[in-house]
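**Q** Here is what each chain is made of, one letter per residue.
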Amino acid sequence: MNGSSAAGSNSRSRAGGAPYPLNQWYAAAFSDEVTRKPLARTLLDRQVVLYRTEGGDPVALIDRCIHRKAPLSQGAVVGDAIECPFHGMKFGPDGVCISIPCQDKVPPNAIVQSFPVVDRHGHIWIWMGDPASADPAEIPDTHWLNDPSLTAVKGYFHLKCNYLTAIDNLLDDTHLPFVHRNSIGTPKMVGAPIDIEGGDDWVAFSRWTLDTPPSPVHAKAGGFTTNVDRWFMVKYVKPSTVLIDVGSAPIGTGAPAGDRSKGISLFSNGTVTPGEGNSCFYFWHTARNFSLGDAGMSDLLKSEMTKTFLEDVEIVEMVQRNVDSDEEDLPQLMIAGDAVALRARRIIASLLASESLSSGA
Amino acid sequence: MNGSSAAGSNSRSRAGGAPYPLNQWYAAAFSDEVTRKPLARTLLDRQVVLYRTEGGDPVALIDRCIHRKAPLSQGAVVGDAIECPFHGMKFGPDGVCISIPCQDKVPPNAIVQSFPVVDRHGHIWIWMGDPASADPAEIPDTHWLNDPSLTAVKGYFHLKCNYLTAIDNLLDDTHLPFVHRNSIGTPKMVGAPIDIEGGDDWVAFSRWTLDTPPSPVHAKAGGFTTNVDRWFMVKYVKPSTVLIDVGSAPIGTGAPAGDRSKGISLFSNGTVTPGEGNSCFYFWHTARNFSLGDAGMSDLLKSEMTKTFLEDVEIVEMVQRNVDSDEEDLPQLMIAGDAVALRARRIIASLLASESLSSGA
Amino acid sequence: MNGSSAAGSNSRSRAGGAPYPLNQWYAAAFSDEVTRKPLARTLLDRQVVLYRTEGGDPVALIDRCIHRKAPLSQGAVVGDAIECPFHGMKFGPDGVCISIPCQDKVPPNAIVQSFPVVDRHGHIWIWMGDPASADPAEIPDTHWLNDPSLTAVKGYFHLKCNYLTAIDNLLDDTHLPFVHRNSIGTPKMVGAPIDIEGGDDWVAFSRWTLDTPPSPVHAKAGGFTTNVDRWFMVKYVKPSTVLIDVGSAPIGTGAPAGDRSKGISLFSNGTVTPGEGNSCFYFWHTARNFSLGDAGMSDLLKSEMTKTFLEDVEIVEMVQRNVDSDEEDLPQLMIAGDAVALRARRIIASLLASESLSSGA
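Read top to bottom, the protein sequences are chains A, B and C.
Just so we're aligned, residue 121 is where the first sequence starts under our numbering, counting upward by one.
Just so we're aligned, residue 121 is where the second sequence starts under our numbering, counting upward by one.
Just so we're aligned, residue 121 is where the third sequence starts under our numbering, counting upward by one.
Some hints could be false.
Lysine to aspartate or glutamate pairs mimicking EDC-like chemistry, simulated, CA-CA at most 16 Å apart [as the list claims (entries may be wrong)]:
no., chain 1, residue 1, chain 2, residue 2
1, A, K274, A, D444
2, C, K308, A, D152
3, B, K274, B, D458
4, C, K355, C, D458
5, A, K280, A, E396
6, B, K280, B, E431
7, C, K340, C, E437
8, C, K225, B, D458
9, C, K308, C, D331
10, B, K225, A, D458
11, A, K340, A, E424
12, C, K355, C, E396
13, B, K358, B, E475
14, A, K308, B, D224
15, B, K308, C, D177
16, A, K225, C, D458
17, B, K358, B, D321
18, B, K358, B, E258
Worth flagging that the hints you see were computed from the coordinates, not collected in a lab.
Computed from a prediction, not measured in an experiment: that's the story for all the values here.
Could you build all of it, start to finish, from the sequences and the hints given here?
**A** Here it is in structure tokens:
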């Protein structure tokens with residue numbers, strides 16, 4: 121984790137996007153995306169370049185040279201520094217310039233902003249707010265992604281919707297029988313009762329759908345020939361991570377009473393990071409406790425989950441377009457399926473309010 | 121014709137387009153475009169979904185679910201209702217929600233706006249203003265389109281120009297020798313005198329061009345071997361429909377005196393509906409009184425009229441781009457050929473003014 | 121050179137681009153681009169149509185008809201006039217309308233703006249400010265382009281960056297070892313001393329890089345087998361022209377002392393004209409004093425120079441995008457290589473200031 125040279129500004133969104141809390145850890149990338157080759161990504165409305173030092177530490181700098189604003193990400197990583205493609209100025213992991221080819225001296229203000237980053241649980245986490253407040257203990261626990269007792273597949277989407285719409289969608293399972301009728305939906309789900317619990321910075325719910333035909337994806341993955349009991353346990357943790365423990369077990373094998381060993385479990389995580397304007401990055405993985413290391417099963421699940429998420433992408437992007445283009449600003453009628461998402465939105469609103477207070481804005 | 125649950129707003133244009141009167145009937149589609157499969161179309165800056173009930177009645181609803189604003193047009197028609205693709209809420213022809221799958225009760229405010237629609241003369245007409253004022257007797261008469269004694273071809277364009285520019289073009293025949301020199305233009309036309317007459321909500325003109333070579337299209341359709349007398353009789357009716365009775369007859373066969381039986385007549389209608397911003401839908405048909413039911417003649421005329429209209433599309437879209445991008449706001453010099461269009465514009469201005477008055481704006 | 125009917129407005133940029141002096145000669149096109157076929161080009165944020173009269177004189181008119189703003193450039197040149205494609209109105213070289221087909225009289229205000237233009241040194245130069253101040257003696261001297269003792273290749277780019285960014289780049293040779301490392305860059309250049317001199321409306325510098333391996337392009341063009349002495353002599357003249365005298369000669373053949381006869385000389389000119397918003401036209405040529413008339417050498421140089429300029433295009437357009445999208449408005453740190461560009465920017469600022477004064481703005 122590298123220090124940062126300057127505090128983030130207090131403005132919390134740009135280009136008309138939804139506001140987001142700044143003093144939080146967000147996933148910038150999967151760990152394996154950040155290498156010795158620079159990676160450019162616009163996060164929280166700021167252009168960032170990510171790379172690794174010779175020792176393997178991740179680095180995040182603002183992706184604009186202090187000179188002419190050329191993108192550093194188009195240059196080369198040289199030792200622990202990155203070289204601007206325009207005039208060859210080199211900047212170290214802390215953003216401080218160490219060389220200007222056309223002159224002998226490097227002035228003390230030749231610095232680009234650096235951001236605290238941490239490599240944990242398969243993601244590179246970035247902190248784009250006040251670096252003095254960056255505490256790695258607050259990084260969301262997404263350990264399922266690289267848990268050695270599970271086998272995971274993963275991917276990401278750059279969604280043309282804001283991060284709130286993406287989180288809403290992850291916390292609402294009542295769209296499954298409609299949007300995902302051919303993948304993970306189960307018609308009976310929407311009638312089953314749910315339990316909700318939560319705290320200051322989290323909210324969770326569980327829904328058991330008993331004695332139901334398995335969803336198309338669970339049927340393929342688990343090879344079920346009878347009806348199943350299906351569980352759906354979802355936990356939101358601030359600012360924008362959703363952990364999903366979902367599975368099915370043949371009826372009569374005791375899953376509702378606690379024995380899920382005859383079924384299949386999928387431990388998924390979705391973590392959402394605001395991008396530019398009303399766009400966001402949605403990083404997902406699905407880890408399983410069966411067919412461990414089986415490449416064929418990994419291919420099947422990666423393909424099925426990608427297909428399923430593309431169904432979400434289509435609908436959330438249509439919804440965002442309609443919200444954005446609605447100059448009448450028609451009200452939205454909230455329904456039962458929004459209960460958990462509304463609690464998550466209240467947590468985010470409270471994070472935003474406390475940042476407003478602390479900045480005096 | 122279905123009732124509507126809410127009055128339209130008083131704002132008459134959005135996204136920078138030209139203002140238009142709201143309390144008018146506009147063509148939403150050709151009758152045969154509206155089926156049991158939902159049709160999405162943005163009319164008067166509002167997203168609308170059109171479909172038919174099991175009994176065949178046309179329905180027009182706002183194309184945004186009351187819940188998350190998802191487009192209903194992406195869902196399925198089920199019985200007389202349309203089902204939202206996101207969470208399965210169903211709305212009847214009057215816009216009232218009849219089912220919310222994730223909850224037992226449907227609250228009384230679960231309604232989307234519906235619009236009066238009428239299926240007449242080959243078009244579905246929509247009224248997007250105050251539904252209490254919607255009187256089907258005011259629907260423009262475009263009966264030529266499905267007159268059994270004529271054979272018609274038809275089509276539509278979604279033009280990137282505002283509806284006024286499209287109407288101007290339909291009411292000005294002095295561009296024919298230039299824009300349409302290779303299709304329906306006749307050089308001598310611009311020199312021929314015109315008669316103009318009109319009333320509160322209409323204006324018409326006629327122009328006879330005597331003893332002139334036929335236009336390329338008339339020559340092909342009528343097989344003329346001599347010069348012709350050409351008539352051009354155009355009538356605008358509010359808010360945006362133009363009826364065109366045009367034809368040619370060999371010289372000396374008495375057409376100017378009233379006997380057009382030796383020539384060919386084409387009865388065309390152009391009706392224009394504001395779309396989103398500076399765009400509009402231009403629905404056209406051309407009905408003929410010769411070669412009735414002859415598929416080869418229909419193909420010829422459809423192809424020639426489409427080619428001709430594409431010449432218009434090119435020029436009116438260039439003009440709209442130039443008007444929109446003219447930050448100097450250069451004045452426009454009106455010329456003789458604009459006389460009829462200017463009268464139509466005055467009628468539209470007076471419709472707009474009376475709506476302003478009645479809304480107190 | 122045709123007169124102009126109206127003074128330009130005092131606004132000096134539109135659509136968010138950088139301001140530019142209006143009362144200056146700018147290159148509108150290469151001489152051979154302007155023919156009897158109309159050429160449309162947006163210069164200094166105004167749409168212009170260029171063509172030649174029957175006698176060969178260049179004509180520049182605003183490319184919007186006074187009637188409906190249709191683009192004259194889509195019409196035909198007829199005699200010395202241009203005919204509007206929409207209704208056939210004809211305008212002479214002075215912008216005065218000479219015919220309106222649908223009416224007998226031409227009103228006195230039927231005029232489109234014309235601009236002074238001069239055909240000189242291989243370019244058509246246009247004056248878009250106050251025509252009373254247009255003095256052809258102030259046209260920049262780019263005679264290398266059609267000097268009979270040299271052989272030139274040429275081309276142009278429509279850059280998505282403003283004209284200042286393009287000029288900055290031409291006046292800064294310290295980017296060559298980075299942006300052009302595989303074409304015209306020489307690593308040792310950035311360490312070599314430069315001499316700067318200048319006046320009220322020009323600034324020049326020269327840099328000798330001694331005993332250096334030749335750049336890849338010079339090596340190919342000159343066939344050098346030893347190290348060379350390389351010169352780089354650059355002169356900016358207002359408002360936006362840069363003359364570049366560059367070459368290499370084998371070491372020990374006396375080039376630094378004045379005898380360049382054993383080497384190769386390339387006389388290049390770059391002249392930049394503001395386009396629409398933050399875009400500009402960059403006209404370049406490279407004339408040589410060797411292999412005169414050799415088509416193979418012309419092909420080689422045209423291909424190598426184009427490749428080199430495309431390296432510039434890529435970086436200056438990235439820089440412009442970053443400057444435009446930088447809502448934080450981060451400061452830019454100037455470095456040694458910016459010295460000459462900063463002096464040129466001061467000359468332009470002073471031209472802008474004096475126009476402000478004279479317009480009372």
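**Q** Hint by hint, say whether it matches the structure.
**A** Each hint tested on the structure:
1. A:K274 x A:D444: violated, 30 Å
2. C:K308 x A:D152: violated, 38 Å
3. B:K274 x B:D458: violated, 27 Å
4. C:K355 x C:D458: The given pair, whose Cα atoms are some 14 Å apart, holds under the 16 Å limit.
5. A:K280 x A:E396: Within the cut-off at roughly 9 Å; holds.
6. B:K280 x B:E431: The given pair, whose Cα atoms are some 14 Å apart, holds under the 16 Å limit.
7. C:K340 x C:E437: Given pair K340 (chain C), E437 (chain C) is violated - Cα atoms ~28 Å apart, limit 16 Å.
8. C:K225 x B:D458: holds, 15 Å
9. C:K308 x C:D331: Measuring from Cα to Cα gives roughly 9 Å; hence the hint holds.
10. B:K225 x A:D458: This hinted pair holds, its Cα atoms lying about 15 Å apart.
11. A:K340 x A:E424: Roughly 10 Å between the alpha carbons, so the hint for K340 (chain A) and E424 (chain A) holds.
12. C:K355 x C:E396: violated, 26 Å
13. B:K358 x B:E475: Satisfied, since the Cα-Cα distance of roughly 14 Å is no more than 16 Å.
14. A:K308 x B:D224: holds, 14 Å
15. B:K308 x C:D177: At roughly 33 Å apart (the allowed maximum being 16 Å), D177 (chain C) and K308 (chain B) break the hint.
16. A:K225 x C:D458: holds, 15 Å
17. B:K358 x B:D321: This hinted pair holds, its Cα atoms lying about 5 Å apart.
18. B:K358 x B:E258: holds, 9 Å
Going down the numbered hints, you'll see the structure goes against 1, 2, 3, 7, 12 and 15, while the others check out.
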